[in-house]
Amino acid sequence: MLLTSVVIIIREVLEAALLVSILLSMCRQLSVRQGWFKWGALAGLLGAVGYGQQMGSISSAMGGVGQELSDAGIQLLIYLCLLYSCQKLVFHFNHRQPLNTTLFVAMAVAIALAVIREGSEIYIYLSAFHGNQESRLGLYSGAVIGLGIGFSFCALFYYWLLSFRPRRAVFFGSMLLTLVAGGMILQGCKMLIQADYLPDGQAWDSSSFLPEDGLPGQLLYAMVGYEATPAPAQVAIYVFAIAAMLTTLTLRYRAGLKAASPIEQ
Amino acid sequence: MSKLMSTLGLATVVALLLLAATSVWAEKPSFNLEIREHLFTPAELRVPANTKIKLWVYNRDSTPEEFESYELNREKVILGGQKALLFIGPLPAGEYPFFGEFNPKSAQGKIISE
Chain A
1 MLLTSVVIII
11 REVLEAALLV
21 SILLSMCRQL
31 SVRQGWFKWG
41 ALAGLLGAVG
51 YGQQMGSISS
61 AMGGVGQELS
71 DAGIQLLIYL
81 CLLYSCQKLV
91 FHFNHRQPLN
101 TTLFVAMAVA
111 IALAVIREGS
121 EIYIYLSAFH
131 GNQESRLGLY
141 SGAVIGLGIG
151 FSFCALFYYW
161 LLSFRPRRAV
171 FFGSMLLTLV
181 AGGMILQGCK
191 MLIQADYLPD
201 GQAWDSSSFL
211 PEDGLPGQLL
221 YAMVGYEATP
231 APAQVAIYVF
241 AIAAMLTTLT
251 LRYRAGLKAA
261 SPIEQ
Chain B
1 MSKLMSTLGL
11 ATVVALLLLA
21 ATSVWAEKPS
31 FNLEIREHLF
41 TPAELRVPAN
51 TKIKLWVYNR
61 DSTPEEFESY
71 ELNREKVILG
81 GQKALLFIGP
91 LPAGEYPFFG
101 EFNPKSAQGK
111 IISE
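As you go down the protein sequences, you meet chains A and B in turn.
Residue numbers for the first sequence follow full-length UniProt numbering, so the first one is 1 and each next one is one higher.
Residue numbers for the second sequence follow full-length UniProt numbering, so the first one is 1 and each next one is one higher.
Don't read these hints as lab results, they were simulated from the structure.
Note that CB positions come from ideal geometry on N, CA and C, so glycine has one too.
It is possible that part of the hints are untrue.
[Claimed, not checked] Pairwise CB distance ranges, derived in the manner of DEER restraints: (1) Ser106(B) with Gly214(A): 51 to 59 Å; (2) Ser106(B) with Leu257(A): 33 to 41 Å; (3) Glu44(B) with Phe164(A): 50 to 58 Å; (4) Arg167(A) with Glu34(B): 51 to 59 Å; (5) Ser106(B) with Leu210(A): 25 to 33 Å; (6) Glu34(B) with Gln34(A): 43 to 51 Å; (7) Gln108(B) with Gly35(A): 43 to 51 Å; (8) Pro48(B) with Leu46(A): 44 to 52 Å; (9) Asn32(B) with Phe209(A): 32 to 40 Å.
[As the list claims (entries may be wrong)] Facing chain A, a subset of chain B residues (Cβ under 8 Å, in silico): (10) Ala15; (11) Thr63; (12) Ala84; (13) Pro90; (14) Pro104.
[As the list claims (entries may be wrong)] Computed footprint of chain B on chain A, listed as stretches where at least three residues anywhere in the stretch have a Cβ under 8 Å from a Cβ of chain B: (15) 97–108; (16) 121–127; (17) 190–198; (18) 211–223; (19) 227–241.
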């Protein structure tokens, strides 16, 4: 029980924790306020309990694939929020101007949705096995250890990203956000395949040298949505999502540079 | 900028719809799995190769379980006393292990595609 509980909690916490640490460190580097974070986290925690409680009716909706469709919807929304927030931050790096509330809302929504998705599963797991007297100690010690490891990882990552000079940190942070956002699309597509809204198949099999159930595979899964045997449709949409984000970020970086130096060339 | 964003959003939606339209909507063969006392029955499920199937997983326990398989790329939470639907395949012939993430030691099984 203890080990199972640690593994489940870490797997769920890592993804949201990584997102939080990248966004917070980028804000710190750019002297953007971080107050939005607590609202996002709070909304996420409340949402996770609500989503977890409604899981029964969500699952049976849409002919039995409601869980997949709502998951995919959440993941697409996270991608869009990250795309919007990241291009704003990249522009802001070159051309400092007062920021609008939309950016803070987008970042808070991204965090809230990530916490809802991961937190609801933790809620379902903990509330289901809470009733079992014998395993309760293992369940909760496992959960505490899992949360501890997840949050330590988040803190380490946050300070590591702060240790870079701003230009490098913004570049590195943007690349990481692109990978995390792409991972959301990859996992969202997996849900659509499971619901039979996208065709299944196997583009390649990298499970022999990087298995999904090994430690590096698990870490990569939690951080960037790694799949050892992705479907062709998943890969195609993933590549499109990453390319769209990279293009947007590059254009906005240049636009920021141009706006910062109004002298005609 | 917002124009570029909305164009990108629209393109994504169109791409998804096109892909959804190409998947086959014909009735698929249906298979059942049961979870009882944190065990899958049958522990080995034989399905036709290269055919998309509907897999209904009935959770007869009072506790939830997460059906998970790295080989099949599937994961789905099934609450206690509920059933869940997963579409699987078309699978090349072979063995595809799955397990229950909430009880990984006991809840194990495999799909044999032949």
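Between Glu34(B) and Gln34(A), does the C-beta distance stay in 43 to 51 Å? With a Cβ separation near 49 Å, Glu34(B) and Gln34(A) satisfy 43 to 51 Å, so the hint holds.
Quick check on Thr63(B) please, does its C-beta sit within 8 Å of some C-beta on chain A? Cβ of Thr63(B) sits 5 Å from chain A, so the hint holds.
Could you tell me whether the CB distance from Asn32(B) to Phe209(A) stays inside 32 to 40 Å? 36 Å, holds
Looking only at beta-carbon atoms, does the pair Ser106(B), Leu210(A) fall within the given range of 25 to 33 Å? 28 Å, holds
Within 8 Å of chain B (C-beta), three or more residues of the segment 227–241 of chain A: holds (count 9)
Taking 51 to 59 Å as the hint, is the beta-carbon distance of Arg167(A) and Glu34(B) inside that range? Because 58 Å falls inside the window, the suggested range holds.
If you look at each residue in the segment 121–127 of chain A, do at least three have a Cβ nearer than 8 Å to any Cβ of chain B? It holds: at least three residues are needed, and the segment 121–127 of chain A offers 3 whose Cβ sits within less than 8 Å of chain B.
With a Cβ-Cβ cutoff of 8 Å, does the segment 190–198 of chain A contain at least three residues near chain B? holds (count 8)
Interface hint outcome for Pro104(B) [beta carbon to chain A under 8 Å]: Cβ of Pro104(B) sits 6 Å from chain A, so the hint holds.
For the range 51 to 59 Å, tell me whether the beta carbons of Ser106(B) and Gly214(A) fit it or not. 22 Å, violated
Would you say the C-beta atoms of Ser106(B) and Leu257(A) sit inside 33 to 41 Å of each other? Check failed, 59 Å falls outside 33 to 41 Å.
So, as I understand it, the hint says Pro90(B) touches chain A; can you test that by seeing if any CB pair is closer than 8 Å? 7 Å, holds
Hint violations for this structure: numbers 1, 2, 15, all remaining hints satisfied.
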